[in-house]
Amino acid sequence: MIEVVNISKKFRIHRKRRTSIKETALEFLRPSRDSFFSGWFRSRPNEEIWALKDVSFKTEEGDTLGVIGSNGSGKSTLLKIISGITQPTMGSIKAKGRVASLLELGAGFHHELTGLENIYLNGSVLGLSQNKIKSVQDEIIAFAGLEQFIHMPVKHYSSGMLIRLGFAIATHIDPDILLLDEVMAVGDAEFQEKSAAKIMDFKKRGKTIILVTHNLDQAEAVCNKVLWIEHGKVKLFGTVDESITGYVSEFYEQKLKEPPIPFSFEFGSVCQTTRMGNGNVLINRVAFKDGSGKEVRSVISGETLQIELYYTALRDGMDLEAVIGINRFDNTSICRVDSASQENILKNCPQKGIITAILSPVLLNKGGYRLSVALNPPGKPYEPYDIHLRFYEFRVDSNQEHRIGPIITHPAVFECFPMNASE
Numbered sequence: 001m002i003e004v005v006n007i008s009k010k011f012r013i014h015r016k017r018r019t020s021i022k023e024t025a026l027e028f029l030r031p032s033r034d035s036f037f038s039g040w041f042r043s044r045p046n047e048e049i050w051a052l053k054d055v056s057f058k059t060e061e062g063d064t065l066g067v068i069g070s071n072g073s074g075k076s077t078l079l080k081i082i083s084g085i086t087q088p089t090m091g092s093i094k095a096k097g098r099v100a101s102l103l104e105l106g107a108g109f110h111h112e113l114t115g116l117e118n119i120y121l122n123g124s125v126l127g128l129s130q131n132k133i134k135s136v137q138d139e140i141i142a143f144a145g146l147e148q149f150i151h152m153p154v155k156h157y158s159s160g161m162l163i164r165l166g167f168a169i170a171t172h173i174d175p176d177i178l179l180l181d182e183v184m185a186v187g188d189a190e191f192q193e194k195s196a197a198k199i200m201d202f203k204k205r206g207k208t209i210i211l212v213t214h215n216l217d218q219a220e221a222v223c224n225k226v227l228w229i230e231h232g233k234v235k236l237f238g239t240v241d242e243s244i245t246g247y248v249s250e251f252y253e254q255k256l257k258e259p260p261i262p263f264s265f266e267f268g269s270v271c272q273t274t275r276m277g278n279g280n281v282l283i284n285r286v287a288f289k290d291g292s293g294k295e296v297r298s299v300i301s302g303e304t305l306q307i308e309l310y311y312t313a314l315r316d317g318m319d320l321e322a323v324i325g326i327n328r329f330d331n332t333s334i335c336r337v338d339s340a341s342q343e344n345i346l347k348n349c350p351q352k353g354i355i356t357a358i359l360s361p362v363l364l365n366k367g368g369y370r371l372s373v374a375l376n377p378p379g380k381p382y383e384p385y386d387i388h389l390r391f392y393e394f395r396v397d398s399n400q401e402h403r404i405g406p407i408i409t410h411p412a413v414f415e416c417f418p419m420n421a422s423e
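Each residue of the sequence shown is one higher than the one before, counting from 1 in our numbering.
Result set (DSSO-like, lysine-lysine): computed pairs, CA atoms no more than 30 Å apart in a straight line:
{"hint": "1", "residue 1": "K134", "residue 2": "K198"}
{"hint": "2", "residue 1": "K132", "residue 2": "K203"}
{"hint": "3", "residue 1": "K194", "residue 2": "K132"}
By construction, these hints were calculated from the structure, which means they are not laboratory data.
Kindly produce the complete structure, drawing on both the sequences and the hints.
Structure (structure tokens):
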């Protein structure tokens, strides 16, 4: 159990003393009670930054809390405070049980010691006896896949090896509370799968987990609560669905305020931005709806998904071509559908309107996906009005037990015939 009450954290950024006549002269021109000469010798005032401000939440035993927010919002600082690495400026924390954390690459390791020596060092810091550490030593080494390197100083380890060893130590010493900062974003697919399985095992055993992540699909898969932090303050603390929906909605709202960047293959703008086009038609909003017309962020595989593009055109009566692309979270391209390939050019469209695309049934299997949308002049895909590239995230769930495997389930008809004697 963790209870955080009105936590605030202030950092002071020390600014250097003036070192030139120019700096002092510029300071002199600003209104000040200090004299020109006293300003030469005194240091410039320190800047104060509040990394966290009045953050409060409570988790119970068995909770897996996801912490989301933009870069610099205070997520990592919060975990450092809970783990005891740094102290809050104000507020209090109650944490029941042993806390293990994996917050930064290489944190907690003595880089001159071997991997094996660091296992014992970390275990001792957490209060484990030598016998207890020895009893899990082989499991830690095997989980990290470091059998051939365990007697090598960790200063020679790659970042992936360090993360694997740190995660293996943190999860095998049987903590009551586990703090993880973007751990599952590092490493290969096999390690990420093993990490996810270990986290699910912790959940079943009633352990408390706090996971900082930018992967919303990951948060949906393993968390039962989500804390959304922005600019050091709690934006929302609640269920996975309501917190992630709020976060994604605000992200889209901010993105849509950005004007499209002029489209050009010559300068590689496709790789540099998520929105491009000449702006003669603007996509203002994209909505996902299920078969009943209810707006959703996830859909069941095999059911209906309706995608709505809300747009504003330069004038009334324009002909349009709509394009939709779907990518997996690792940006693997899955499929592309467009109105032109279906011989369905959208003619004489109103200046403001909604274009709908109905995918029925959804063939995608369980997982997270990114949607791209575009509106073009008919037959001119290289002169787009507006493109949102891998802009919108959605999830596909399944009524069947999740299996790691294919991206889509394609309908097929199976039959059996007797073989001819000659065959």
